[in-house]
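Chemist: Starting from the known structure of chain C, arrange chain E on it as the hints suggest.
Protein chains: 2
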Amino acid sequence: MRIEIITTGDEVMQGVIVDSNTAWIADRCAQFGHQVIRHESVGDDLSAIGDVLRNAAKRADAVMVTGGLGPTADDLTVEAASKAFQVKLIKDEDVLQGISHFFQSVGHSTSSSNEKQALIPEGSEILKNKVGTAPGIKVKLNGCWFFFMPGVPKELYQIFDDSVMPWLSDKSDQVARERVLRCFGEAEASIDEKLQGLDLGDTRLSFRVMFPEILLKLVARSKSSADADRALEIAVERVREKLGETVYGEGYASLSEITGRLLRDNNATLAVAESCTGGLIASMITDIPGASEYFLCGCVTYSNKSKMELLGVGEETLKVYGAVSAETAMAMAKGVRVSNGASMGVSVTGIAGPGGGTAEKPVGTVYMALSTPDGISSYKYSFNRDRVWFKQFAAAKVVDLVRRSLLGLLPEGGGRDEN
Amino acid sequence: MRIEIITTGDEVMQGVIVDSNTAWIADRCAQFGHQVIRHESVGDDLSAIGDVLRNAAKRADAVMVTGGLGPTADDLTVEAASKAFQVKLIKDEDVLQGISHFFQSVGHSTSSSNEKQALIPEGSEILKNKVGTAPGIKVKLNGCWFFFMPGVPKELYQIFDDSVMPWLSDKSDQVARERVLRCFGEAEASIDEKLQGLDLGDTRLSFRVMFPEILLKLVARSKSSADADRALEIAVERVREKLGETVYGEGYASLSEITGRLLRDNNATLAVAESCTGGLIASMITDIPGASEYFLCGCVTYSNKSKMELLGVGEETLKVYGAVSAETAMAMAKGVRVSNGASMGVSVTGIAGPGGGTAEKPVGTVYMALSTPDGISSYKYSFNRDRVWFKQFAAAKVVDLVRRSLLGLLPEGGGRDEN
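Sequence lines, in order, name chains C and E. For the record, in the first sequence the residue sitting at position 20 is 41 according to this note's numbering, with numbers rising by one throughout. For the record, in the second sequence the residue sitting at position 390 is 411 according to this note's numbering, with numbers rising by one throughout.
So here's chain C without its partners, still in its complex pose (with noise of 0.2 Å):
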């Protein structure tokens, strides 16, 4: 089939929101192998928005508009395809109930403009809102379908998932399968040059960045689901043969919730020690329900006397090493594991920048370190970027190292100490 997206709403036209709504439904539809010919957006304007769908259903099989279906003066989606279509406008009793009755649970009670929201386009198939006034409206109009659909995410998104998926399956003779492949460690560029020319089939493969980490999207589509998961096994198994260690996972748990699984799977409990990455790693653990099974305790000591009161550091490793150095790095790993009793403590010290780079440890230095029972090993890496990157990534770093401890895949190059 093909698809056209509108967009209505002057708040979108002069850029004081940008419109993510777009990119959702076209990614949704593309799942299922339909094309998206045209993307349009109008301000609040009951001509010009008329105008746009006309010429949208010259074109298109279906047509899914969102914004302007609001009780205000400035919502005309509905007005302007009756002008447009010539089409009668009725009052929906079930509609209207159903508006009360949204109102009544809120504690309000419904206004003469909500009851605007009740007039809809005659021969049109309501699509259920549960979360808000505005139903979604399916409608054959010029021989093309029209989706009408509120403009609040939240709203179109159940819309959509509840009555627009199921058509658009049966629209098309394509089975989707997809899987998604989450990758910590390297650069979306770095990713995307491993993976150029790499045969995938038919299999469309999407990048998502959600700093620091980048999600791979695979889909596969075949007239049979057992082609399509075949095809999409192949090209799973050749993108994780070109990224290796790369991709630590699939779905859509992301490195802290693994990691918290682990911890938990495996009965052991974390502190952690952080100087420049300033609570973020504590704070990237915590965001995890049900963190407090196993995370004790987080130290952000930037101060030298906090690393020697709280943590135990030596004065003379603090003198002689420095701040920024492996083996303070590995005296604040065991000093917060052994104070607060974990089986597993991690550090990093490091230089954020902008300031406080020297010659011999520049901005972006970076040492880690972890220690269990068995002993203290340490790493050291050089993140040269912005203050707000570094934190993130060199946070997620360590992260990672408490997870690839719990795997057994500690990363190489690790100076190692007996505890």
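Please keep in mind that the hints were generated in silico from the structure rather than gathered at the bench. Keep in mind that a hint or two might mislead.
Because identical chains share one entry, a pair is satisfied inside a single copy or across any pair of copies.
[Claimed, not checked] Keeping only pairs whose Cα atoms sit at most 30 Å apart, straight-line, the calculated DSS-like set for lysine-lysine is:
1) K104 <-> K79
2) K151 <-> K215
3) K238 <-> K175
4) K340 <-> K382
Modeler: Frame of chain C; chain E shown alone:
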């Protein structure tokens, strides 16, 4: 002027990437009082691109086009324009030389496909690209001004700011003045409601949510800069009057940055003890370059053991009042301040959820405390949302507590104790 914005590219069309360039361009056009009337996106399809270019020229005075200027076979914008408007393409020697200089500077040689980027519609003006190979192109076709620019954001931004902004200003008979008000502590909907019906004249107000902060941008336009300044001043005063202390600052410095400056200006030092925010307060504070001048240490004490050992919270306090209590918060704030020799100690303890709530202390309950040599105060709030929202809002609330304390603006309702 009436302006349209066109984006080309299969990745945008299929929803692989969200098109944020369009909103960026629209916002800039609107700043000068130009009317953005339509956005359109099409895939890498010669005839579809030609079609949208031709139609846009019929409606608009100027069209901003992004994408499709690269060296590969699916970069079709210039060819589409040439066909749509029957204009000759000419090899521009300056552009060709610029491209080979660019490649030399990054250690590559020019490939034949790059030569394609030197083919320019006859009569064009070149808009210099300082950060990539594809030049911007300005050309009048069928009476309409076209600006062709790369889709890579950093290239687009540079070309647009250097070459298109002065032109937009020139074509406007208006002067624009803008100010940004920074808000914290209220939801967008609540701010929106307070500002409903407020007479701001022709001054344009837009929201940008950088959760948990909300930025209000006010843009006033007038024929004279004195009038624009005056209109802006009046609008800002009216908004400030409605929002009171919710507006904590102006411009582009974040809550952490403003708080950091105040700490530095007061020769104050800070230590932080956090439980439910899991390190996020320390991380927010250390996002700011130079934070080591005033930030000494953060303790992320999830376990009771760490609350007792690192912060000196009494076992009795934890037993009698619980870990989530005003008494524990106050002991944490004082403990972290004294043990680090800081002039200010702040703390937070609460229930981030989804688990851990009780009838007496439901999920979302949170206690904060501030300790200085003059005394301790504590505050109780309830922020019942999802875990990540809770962490971000509560962390920012603690940073705001530090800011208010330094300004003598402590929030009302705090319990107060001698230190």
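Chemist: Against this structure, judge whether each hint is valid.
Modeler: Cross-check of the supplied hints:
1. In this homomeric assembly, K104 and K79 come within 30 Å of each other (Cα to Cα) both inside a single copy, at 16 Å, and across copies, at 23 Å.
2. In this assembly of identical chains, K151 and K215 lie within 30 Å of each other by CA distance solely across copies; the values are 28 Å between and 44 Å within a copy.
3. Taking the shortest Cα distances, K238 and K175 sit within 30 Å of each other both inside one copy (22 Å) and across copies (25 Å).
4. When the C-alpha separation of K340 and K382 is checked against a cutoff of 30 Å, the pair qualifies only within one copy, where the shortest distance is 15 Å, while the shortest distance between copies is 47 Å.
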